[in-house]
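Student: With the hints as your guide, set chains B and C onto chain A.
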Amino acid sequence: MNLSEEQIERYSRHIILADVGPEGQEAILHGKVLIVGAGGLGSPAALYLAAAGVGTIGLIDNDEVDLTNLQRQIIHATPDLNKPKVLSAKEKIEKLNPDVETVIYRERITSENIMGIIQEYDFLIDGTDNFPTKFLINDACVFAQKSFSHGGVLRFKGQTMTYTPGNACYRCVFRSPPPKDAVPSCSQAGILGSIAGILGTIQATEALKYLIGKGHLLTNRVLTFDAMQMEFRTVNIERDHRCPICGDNPTIKELSDEEQPVCDLKQ
Amino acid sequence: MTDTKQMYRIPVTLNKEIDQYGTLIEEYLAGKIEPVKFKAIRVPMGIYEQRKDNTYMVRIRCAAGYISPGQLKKVARIGMEHNASHVHITTRQELQIHNVSLDKTLLVLQDLYKAGLASRGGGGNTVRNVMASVDAGVSKDELFDVTPYAVALTNKLIAEPDSWTLPRKYKISFSGSDQDNAYAAFNDLGFIARIQKGMRGFKVFIGGSFGDKAMKGHVLFDFVPAEEIFIIADAVKKLFSRYGNRRNRHKARLRFIFYKLGKDKVFELFFKIYEEIKRAQNLLYEIENPEFISPIYKLKPEVIRSDDFNAWKKRYVEDQKQDNLKSIVIPFEHGDIDCERLFKIGDFFSQFGDDVIRFSMRQNIRARNIPEQYLGNVYNFLNEINVLIHDPFLLNSLVSCTGADTCRLGICMSKGLVSSIRKELEKVHFQLDNLNNLNINISGCPNSCGQHKAADLGFYGKVGRNSRMYPAYKIVAGAVTGGENSRLAETVDEISARDIPRFTVELLEIYNACKDKYESFAEYMKDRGKLDIKKLCDKVRNVPDWDEDKNYYFDWTSDQVFSLVGRGIGECSAGIYDMIDVDMNAIKSYKEEIKKLKDIPVVNKLLYNIIFSASRMLLVTRGVEPKNTYEVFDSFIKKFIDAKLIGNEYRGLVEAARNNTNFNFLDVKDKIFEMAGAVIELYNNMDDSLQFAIPEDTESKDVSKAGPVYFPALKKDYRGVLCPMNFVKTKMDLASIKSGEILEILLDDGEPIENVPGSVKSEGHRILEQNKIDDYWSVKIEKK
Amino acid sequence: MIIKVNGKEQEIGKNEISVYELLMENNVGRPDMVSIQLNGKFVDKDELQTTLVKDKDEVDYLYFMGGG
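Respectively, the protein sequence lines represent chains A, B and C.
When the first sequence is numbered by the numbering used here, its final residue is 267 and no position is left out of the sequence of numbers.
When the second sequence is numbered by the numbering used here, its final residue is 1051 and no position is left out of the sequence of numbers.
When the third sequence is numbered by the numbering used here, its final residue is 1119 and no position is left out of the sequence of numbers.
Only chain A is shown next, with the shape it has when bound in the complex (with noise of 0.2 Å):
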């Protein structure tokens, strides 16, 4: 065990846990979590990770703060505007807990760059704000056997569930992104900031979780929210043998980049 002193006192709160103590600590203090998208999910969840002191953080976002951004993604401050979100996101977390070492890319996350970037880190987390990417790290994940927690918002609505290898994925569940205009974007549907930050702490839980190798974690089920009626539900769901992806007969056998950003917020 090598903790400091110091870090003895920041995580005692982990330690003092039965299922965490100082071996779960060092674990997390070890482990590598990628966050895809610096917006309404990542925030949050950057946010926790930091301060649990997760070791290597990886952050991938292409765009600036934007005045839209701040009903929700916490991360981000009003002096951070048109500032890269990457860099703002890493200047908090610095200053939360200089225990993380915090790894950016400022891209857009493709079918050229995934397989290379995501093959450093543990697990995933999915805080993007579009379909195509959201099925592109489901396939990414699948190919390279990496776990990842998938989250999705809208109005006063969240899903999330974990894949992990041999367990359900997201195609399992949806075939194929939805036609283009068959779900409203954000923009139009609007999202209450809050709902964010539960899905975010969620996914965030999922990935210590993960890191620390204790209970279960949300595969094969969907947990769905609606913070209207305050309800949570958990859908049991199975590995899906006609999967295009994970089924007996995968159809899908290469990365591809679709179009349609449906839930571009800057409109």
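One or more hints might be untrue.
Within a straight-line C-alpha distance of at most 16 Å, the following computed EDC-like cross-link-like pairs (lysine to aspartate or glutamate) qualify [as the list claims (entries may be wrong)]:
#1 B:K806 to B:E773
#2 B:K1005 to A:E23
#3 B:K996 to A:E238
#4 B:K741 to B:E757
#5 B:K518 to B:D479
#6 B:K858 to B:E941
#7 A:K209 to A:E5
#8 C:K1096 to A:D240
#9 B:K996 to A:E5
#10 B:K938 to B:E922
#11 B:K580 to B:D700
#12 C:K1092 to A:E238
#13 B:K272 to A:D19
#14 C:K1092 to A:D240
#15 A:K180 to C:D1083
#16 B:K694 to B:D672
#17 B:K272 to A:E23
#18 C:K1059 to A:E231
#19 B:K567 to A:D240
Keep in mind that the hints were calculated from the coordinates and are not lab data.
These numbers were taken from a predicted model, which means no experiment stands behind them.
Tutor: This is chains B and C only, laid out in the frame that chain A set:
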């Protein structure tokens, strides 16, 4: 994380005992202590000498047959580091590391200790490994998981010093249902799960054994609540200790008390002790449920579509009560595995969590809690490391003891016979898969280490004779296991070892052809089976003469003509009688020599030796282990002369020997012989339990007064540290020490002492003591 | 008959009904916006009209959510 969950709790005293053992090895190798004394310490440590000179075997306690994959890897690594030949799975669900040199055994013990494993009680007259149904916790038939009970009882018993000084071994087993697949009815103490009015409990058997003069246990209780197992195990231990025969090790096991006194009397004695314990102490032991966190599977399922894979699933994969999880039998010939493969097995199965490996009574590994989608991975892995998974189950489930290869009691080469039966069975034309459930067990001698008495078809080795000796086997058949309905296999006939494989195949052919008519092999035996066996035996009744066919006079896999040379006293016998015999034989031989000798100084020396041996001979019965000659004489005076067991007229003689080795003993030669005679007579008149005049009550009082002394591995002062940081720091300290080691912390009065020990305890560590010193507290914690 | 939709009981005036009809009944205007499980198994989009929901069946709707 390298979390290797351990199942039972290693007693705090073990570390010191291992150190002592190390010192003894040195003394033994330097010739300072006699082999017999060394053996008396070594065997109860679970270390047995093997037939080959200077090679030893270390037997590791695996309560309920459990080991974590991490521990398994460590055992494999220990084996590799200390040049062990292989590892062996026993019929008592333990693991043995084989062919280690004596100097390495100490390192092995130390390394095992670090891995949370102990060999103490692996042999000798001790509480042996506590068994449990191999499918406990996953069986569809069980009433509840008996694992926590087997573990809790282990924890209690191995922490008690009197568990190591019994008249003979003490075997305990737990079965989850009336099928009694852990042979509760054939252990000294057996428990079968029961639920009454919603309460968990057990049906209890006492005195059972498969060994010589085998006996099915008597039903001691039809039902007792689960917490009572501790009181019952304690009462049986005391009963055994008080009334067991310490004189003759062949009549020492618990069942012989029943043979001697009869069931009613023994029950009366038991219930007296049981009531005493119940009255005296309101013992409440906690049953901790070993909590296994469900693992996160990080491997990708491998999909296989082949007939061989499907056949394997049918033969070796079993359903569990948990949906989607499977148990898998991993067979090894004779239960032997090399350390490299053992390591790979630990490594592979660690991907499925901590509760994944049990050892079975059929000397297999039973992997459990494997999600169905990963069966392909397991199959590919087992294939890769060349486990025999392509054969019908029966071929891989032949059980034998180690036999005359390595056991000094063995008559026949039981392992060789297994290989020969296997080869013969491979040639048969009918589907061996039809006989999946058949148990074939072989012992190399009438002792039941191969558990032939629990077999459908079993054999045990004996000496056959015509004009010369040849290896032969008795044939036993028709055992039924299942608590009260249990029946031991019955001896039917005997033939030469040479003819056993052919006989086995022919009998199975007959049985296979008519098996649909019978519910089980035992039913077949009741009907026409015995007749079939006798008919087959008749065909080979006449063993060819040496000149006609020499093969009959060689045992299977042996290149030497069959003989009993090398048969010795079993290792298990290590005990105080051997030590007493050393002195008694010495006295006899000194007397013989004195008759022949004329040289006065030499005779004088021998006379001194007689006084010395006579003084020392029975000290062991009083628990005295003298460290020098003065102690021998002083203890003899105190324990035997002062206690009026030996006449006061010998006091001067002993004092003379104590003070002056050159005393003129020749003048009192007759007196010396008389004294030696008195000691030997005392020994001859000692009762079966060594209790000849031991005022037991006063002795046990002394022990209870003393109380244990603990040596902390780490001491920390947390006075002035507030809650909860004092607890956080304590956890850090605990993480830095080894399991079983002790941490002492100092805490302030008030909130700290009210909270920290409770929190530490709730995480499974043990608070050994907490004492108030002035205005603060000292707390001693044993790491889980 | 009584079925469960998203964990809640719902009474339907018929003895059986196609998944598609159920979606209409429940005002799920665009079936391509939702992934449907009937008794724990996903229903293919082209089988919505032919797959029947019967008494005591359990139906779950999982909607696309792409915001982040």
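Student: Next step is simple, just say for each hint if it's right about the structure.
Tutor: Verification of the supplied hints:
1. A distance of roughly 12 Å separates the Cα atoms of K806 (chain B) and E773 (chain B); the hinted pair therefore holds under the 16 Å criterion.
2. With a CA separation close to 14 Å, the supplied pair K1005 (chain B) and E23 (chain A) stays within the 16 Å bound.
3. About 44 Å separates the Cα atoms of K996 (chain B) and E238 (chain A), which puts this hinted pair outside 16 Å; it is violated.
4. For the proposed pair K741 (chain B) and E757 (chain B), the alpha carbon gap of about 10 Å is at most 16 Å, so the pair holds.
5. With a CA separation close to 9 Å, the supplied pair K518 (chain B) and D479 (chain B) stays within the 16 Å bound.
6. The suggested pairing of K858 (chain B) with E941 (chain B) holds, with an alpha-carbon distance near 12 Å, which does not exceed 16 Å.
7. Taking the CA atoms of K209 (chain A) and E5 (chain A), the gap is near 24 Å; set against the 16 Å cutoff, the hint is violated.
8. Only pairs whose Cα atoms come within 16 Å are accepted, and K1096 (chain C) paired with D240 (chain A) is accepted, the gap being roughly 14 Å.
9. At most 16 Å may separate the alpha-carbon atoms for a hinted pair to count; K996 (chain B) and E5 (chain A) meet this at roughly 9 Å.
10. Only pairs whose Cα atoms come within 16 Å are accepted, and K938 (chain B) paired with E922 (chain B) is accepted, the gap being roughly 14 Å.
11. Only pairs whose Cα atoms come within 16 Å are accepted, and K580 (chain B) paired with D700 (chain B) is accepted, the gap being roughly 12 Å.
12. Of the supplied pair hints, the one linking K1092 (chain C) and E238 (chain A) holds, its CA atoms being roughly 8 Å apart against a limit of 16 Å.
13. Our distance criterion of 16 Å between C-alpha atoms is met by K272 (chain B) and D19 (chain A), whose separation comes to about 13 Å.
14. Proposed proximity of K1092 (chain C) and D240 (chain A) is supported: the alpha carbons are some 8 Å apart, at most 16 Å.
15. Annotation: proposed proximity of K180 (chain A) to D1083 (chain C) holds, straight-line Cα distance about 11 Å (limit 16 Å).
16. Simply put, K694 (chain B) and D672 (chain B) have alpha-carbon atoms about 26 Å apart, too far for the 16 Å limit, and the pair is violated.
17. A threshold of 16 Å between alpha carbons decides the hint, and for K272 (chain B) with E23 (chain A) the separation of about 13 Å falls inside it, so the pair holds.
18. Distance restraint check for K1059 (chain C) and E231 (chain A): the Cα-Cα separation of roughly 12 Å lies within the 16 Å cut-off, and the hinted pair is therefore satisfied.
19. Between K567 (chain B) and D240 (chain A) the alpha-carbon distance is near 15 Å, which keeps this suggested pair within the 16 Å criterion.
Checked against the numbered hints given earlier, this structure breaks hints 3, 7 and 16; the rest are met.
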